[in-house]
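Participant: One letter stands for each residue in the lines below.
2 protein chains.
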Amino acid sequence: MPTYKFQYFDGRGRGEIIRYVFHAADKDFEDIRYDFPTWATIKESTPFGQIPVLTVDGKKLAQSGSIARYLAREFGLAGKTSWEQALIDQYMGLAGDLFKEVIKFYFEKDEGKKKELLKNLEDVLYPKFCGFFQNALEKNGGNYFVGSGLTLGDLAVIDIFDTPLHHSPKLMDAFPKLQAHRQRILALPNLATYVQKRKVTDI
Amino acid sequence: MPTYKFQYFDGRGRGEIIRYVFHAADKDFEDIRYDFPTWATIKESTPFGQIPVLTVDGKKLAQSGSIARYLAREFGLAGKTSWEQALIDQYMGLAGDLFKEVIKFYFEKDEGKKKELLKNLEDVLYPKFCGFFQNALEKNGGNYFVGSGLTLGDLAVIDIFDTPLHHSPKLMDAFPKLQAHRQRILALPNLATYVQKRKVTDI
Chain A
1 MPTYKFQYFD
11 GRGRGEIIRY
21 VFHAADKDFE
31 DIRYDFPTWA
41 TIKESTPFGQ
51 IPVLTVDGKK
61 LAQSGSIARY
71 LAREFGLAGK
81 TSWEQALIDQ
91 YMGLAGDLFK
101 EVIKFYFEKD
111 EGKKKELLKN
121 LEDVLYPKFC
131 GFFQNALEKN
141 GGNYFVGSGL
151 TLGDLAVIDI
161 FDTPLHHSPK
171 LMDAFPKLQA
181 HRQRILALPN
191 LATYVQKRKV
201 TDI
Chain B
1 MPTYKFQYFD
11 GRGRGEIIRY
21 VFHAADKDFE
31 DIRYDFPTWA
41 TIKESTPFGQ
51 IPVLTVDGKK
61 LAQSGSIARY
71 LAREFGLAGK
81 TSWEQALIDQ
91 YMGLAGDLFK
101 EVIKFYFEKD
111 EGKKKELLKN
121 LEDVLYPKFC
131 GFFQNALEKN
141 GGNYFVGSGL
151 TLGDLAVIDI
161 FDTPLHHSPK
171 LMDAFPKLQA
181 HRQRILALPN
191 LATYVQKRKV
201 TDI
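Taken in order, these protein sequences are the chains called A and B. Under our numbering, the first residue of the first sequence is numbered 1, with each subsequent residue one higher. Under our numbering, the first residue of the second sequence is numbered 1, with each subsequent residue one higher.
One or more of the hints may lead you astray.
Heads up, the list lumps identical chains together, so a pair's fine if it works in one copy or across two of them.
Distance condition first, Cα-Cα at most 20 Å in a straight line; then the derived SDA-like pairs of lysine to any residue [said to hold, decoys possible]:
no.: 1; residue 1: Lys-104; residue 2: Arg-182
no.: 2; residue 1: Lys-199; residue 2: Asp-31
no.: 3; residue 1: Lys-60; residue 2: Arg-73
no.: 4; residue 1: Lys-60; residue 2: Gly-147
no.: 5; residue 1: Lys-104; residue 2: Gly-93
no.: 6; residue 1: Lys-5; residue 2: Asn-143
no.: 7; residue 1: Lys-128; residue 2: Leu-118
No lab work stands behind these hints: they were computed from the structure.
Using the sequences and the hints, build the whole thing.
Facilitator: What follows is the structure, given as C-alpha cells:
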C-alpha cells in the first residue's frame, strides 16, 4: 500500500472531508496538523502555497476536492460508474456552494453583518440546502446519496453540515431523513471512533 | 451516442469549460443559452435552481465541475490514470480559486473597491497564478498540463484566463510559455472554429 501523508490545519475546514475518506476506508495516513505560525514556515514548500496537500509515496497533490476524489477512487468510495462518479461530484459541488456561504459568515468581522449572515443562513440557506439534500437522498432510496453503498457523496454531505451544526444545532430538525442519514453514517465504527476522539474546533 | 443538452446563460461564466470540452472532443450537443428573464421562468425545472445543467438521454446533472469532469471522462480528456485525473482536478481547483477572485471583482458595485480589486488582481493574483500554471506546464514538458496530450486540465487553464484577458490583455506577457500553450490550444481546429464564431461577452 502507498504511504499517505496529509497536511492541513488543526481543524476541519477544507481538510476534514479527506480525513473522513481515510477513516471511512480504514486506511492509515499521517495526519499532520499545523498551527498558523508553523504553517507560515512550511507554506513555501507546498505546491501552491496552500493546504490541504496530500503526499503519496513522495508525490504531492493539492486542492481539497482533487485529493478527496483521488482517495475515494483509490479506496472504492467513488461510485461504480462514471455517472455515479458524476453524481457524487455534483453533491460535492453543492456542498461547496454551501461552504462558501458558511465561510463568508465565519470570517465576517463586523458583528452586525455577521448576525445578518447568520439569519440568512438559518432562515434561507440551511433549509434550502437541507431540502435539496433530503430530496436527493429520498430519490435514491433514503440510505445513501449515490448507488447502494457509502461513497464520497455521503461523506461530503456529512462534512458540510459539521460547522453549521456547531453554531445552529437545530438546523436539521425539520429534515428527519437527512438527519437519520447523518446519524447512521457517523455511527459507522471507523468514523464513530475517529469523531469521538477528534478535537472540537469551531470550523 | 447519447444525446446531450446543455443549459446555461448566454455567456462564458461557469458554462464555458463545458462547451470547451464538447468542442475539443468534437461532440454534438444542444447549446441552450438563456437570458435572465427566460432563466427565471425555467429555474424551478432545474435540480437545484441553478445552471449549468447537463441532460444526458433525459438524466440531469448539475454543477459545472461535475459536468466538465463527467464529459471529459466520456470523451477521453480525463487523463490515463487515476493520478492524472487527480492532477487535472488539481488544476481545475486552482483555476476555481482564481475564478472566485475574478468574480468578486466582476460583481463589485462600488467603483473605488472595484479599482482596488483590479489592482490586486493585476499586481498580485494574475502574476501569482500565471507563475503557478507556467511552472506546472514546464514541469510536464511544456506542451500540456497533464500527461502527453490534451486534457480537461489544459481547457480549464484556457478557460480561466478568458475573462481576465478581456479586461487585462497584458496579464500573460511575462509568462511566454503559458501564453504559447494558450495560443496552441486555442488554435486546435475545433476550438478555433468555435471561438471565432462565439459571441463576445464580458464574462
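Participant: Run every hint past the structure and note whether it holds.
Facilitator: Each hint tested on the structure:
In this assembly of identical chains, the alpha carbons of Lys-104 and Arg-182 never lie at most 20 Å apart, being 24 Å within a copy and 33 Å across copies at closest. Taking the closest pair of Cα atoms, Lys-199 and Asp-31 come within 20 Å of each other only inside a single copy of the chain (13 Å); across copies the shortest separation is 48 Å, beyond that limit. For a Cα distance limit of 20 Å, the shortest separation of Lys-60 from Arg-73 inside one copy, 17 Å, qualifies, whereas the shortest one across copies, 23 Å, does not. Taking the shortest alpha-carbon separations for Lys-60 and Gly-147, only the inter-copy value of 16 Å comes in at or below 20 Å, while the best intra-copy value is 30 Å.
Proximity of Lys-104 and Gly-93 under a CA criterion of 20 Å is satisfied in both settings, with 17 Å inside one chain copy and 19 Å between copies. In this assembly of identical chains, the alpha carbons of Lys-5 and Asn-143 never lie at most 20 Å apart, being 32 Å within a copy and 30 Å across copies at closest. In this homomeric assembly, Lys-128 and Leu-118 come within 20 Å of each other (Cα to Cα) only inside a single copy, at 14 Å, whereas the closest approach across copies is 33 Å.
When each numbered hint is compared with the structure, violations occur for hints 1 and 6.
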